[in-house]
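Visitor: Let's have the full structure, built from the sequences with the hints guiding it.
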Amino acid sequence: MGTLMASTEASVEATSKPIEHRFSPYDFNGGTVAAVAGPDYVVVAADTRLSSGYEIKSRHVTKLHALTNQCILASAGCKTDVDQLRSVLDIRGKMYQHNHRKPMQTPSVAQMLSVTLYGKRFFPYYAFNVLAGMDAAGVGAVYSYDAIGSFERTGYSAAGSGQAYVIPFLDNVIGNRNRLEEKPVLAAQEVVELLKDAFLSAGERDIYTGDQVEIMVVTKDGIQTQTFALKAD
Amino acid sequence: MGDSAYSFSLTTFSRTGKLLQIEYALNAVANGRTALGICAQDGVVIATDKKLPSVLVDSEHVQKIETITPKAGFCYAGVGPDYRVLVKRSRKSSQSYLSEYGEVQPVHQLVTDTASTMQEYTQRGGVRPFGISLLVAGLDSDGKPALFQVDPSGSYFGWNATAIGKNYVSAKNFLEKRWTEDMELEDAIHTALLTLREGFEGEMTAHNIEVGIVKKDGEFQVLQPNQIQDYLDEAN
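Going line by line, the protein sequences match chains A and B.
If you're matching positions, the first sequence starts at 1 in UniProt numbering and goes up one per residue.
If you're matching positions, the second sequence starts at 1 in UniProt numbering and goes up one per residue.
Don't read these hints as lab results, they were simulated from the structure.
Each residue gets a CB set at the ideal place from its N, CA and C atoms; glycine is no exception.
A hint or two may mislead.
[Said to hold, decoys possible] Calculated pairs, DSSO-like style, for lysine-lysine (alpha carbon to alpha carbon, straight line, at most 27 angstroms):
1. B/Lys215 x A/Lys102
2. A/Lys94 x B/Lys215
3. B/Lys177 x A/Lys102
4. A/Lys183 x A/Lys196
5. B/Lys216 x A/Lys220
6. A/Lys94 x B/Lys92
7. A/Lys102 x B/Lys92
[Said to hold, decoys possible] Partial selection, computed: residues in chain A whose CB lies under 7 angstroms from chain B:
8. Pro107
9. Ser108
10. Met112
11. Val115
12. Thr116
Guide: Structural data, given as structure tokens:
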């Protein structure tokens, strides 16, 4: 008798608050992107794993997109929003090229990306972007963004699920933080090796980062791509 | 605005295929005070007659040459109030460009944008064409100087040197003889002043003309009367 009473009370507690089911327009598809700027180059890297929840949807999806042959957009976040954002930027880039008879320079792409993101301030693109390219003076440029278009030119940056593993590493090795030696000038290939190390570490601890890293090196002559294998676990 | 009795265009084709409103607008331009421009190797100069109807008018408050972007400026011949509208609109549009692309709008983009507004007013319902021709002096995105003319129809032309308004025919003949490909901005300014003086009624002084220049790595500026006076003194 007593136990019967107790269970009825418990179920009244559980149903007293309304349970709301909502469709979420966003999904987090994981992954990490990073970029480092040099005196006459810029290196961008991103893993190729696409996840949803605890599932891996694909091991071979790129997060890098060349907007011009001197400028690459690296994005992590919700893949469908990233795809749409790329599409919109491509179209605007084409229109610019039709009107100006030349491709957009990186600083202009940077501004345009910011404006495009803010255009959806009240229903944002779930995209965490890093823009990397050669600036008008032939020097490497990296721009980091938040989801609604706030941006800043920086020497290096990382975004996505493994961001917290990569940035402190780059702070030490590229930014020379907490080091006593003089900051070295690194060649593009050295930076590539550093980014491989960064992604190896991120891949160890971040479940969403792994499978393969795609690395692109941009110089005034164009873009060169290479890949590097990561653990598939 | 465009929904009621005036949703049809006031500029319509004549039987012979002409748009008479545009022709009449060009007449209004040809009645306006002379304006001319010369594109040199290292810069562009535009100049205009600012002769006022009476000595009682305070010339300091009349400005015909206007800066639109740091690298480009306008001058006009024709109906002044129409000019003001275009100046305001072009300034706003070039600010939009700056907000979107983070760079100063190149002169060619400014010209096509302005020309496209002027064309709109020959086709939209309830409006008439602008009664002005514009001279646009500016630098392109790679720093090259350029001079453009934009007409009431919305057509635009790039020029090495040109003149619009009263006496434009004789002014252009004069310029044709004097323009050279390797001309420098200083020569161009002198030539511009000489050309302006040719058709000037009465005495030309630093207060009844306006001159605007943009140098290759510089910004568009309207010259002060004392600067114009220096050039006039040299020319004498």
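Visitor: I'd like to know which numbered hints this structure contradicts. Please list them from smallest to largest.
Guide: Violated hints: 2, 3, 12; rest satisfied.
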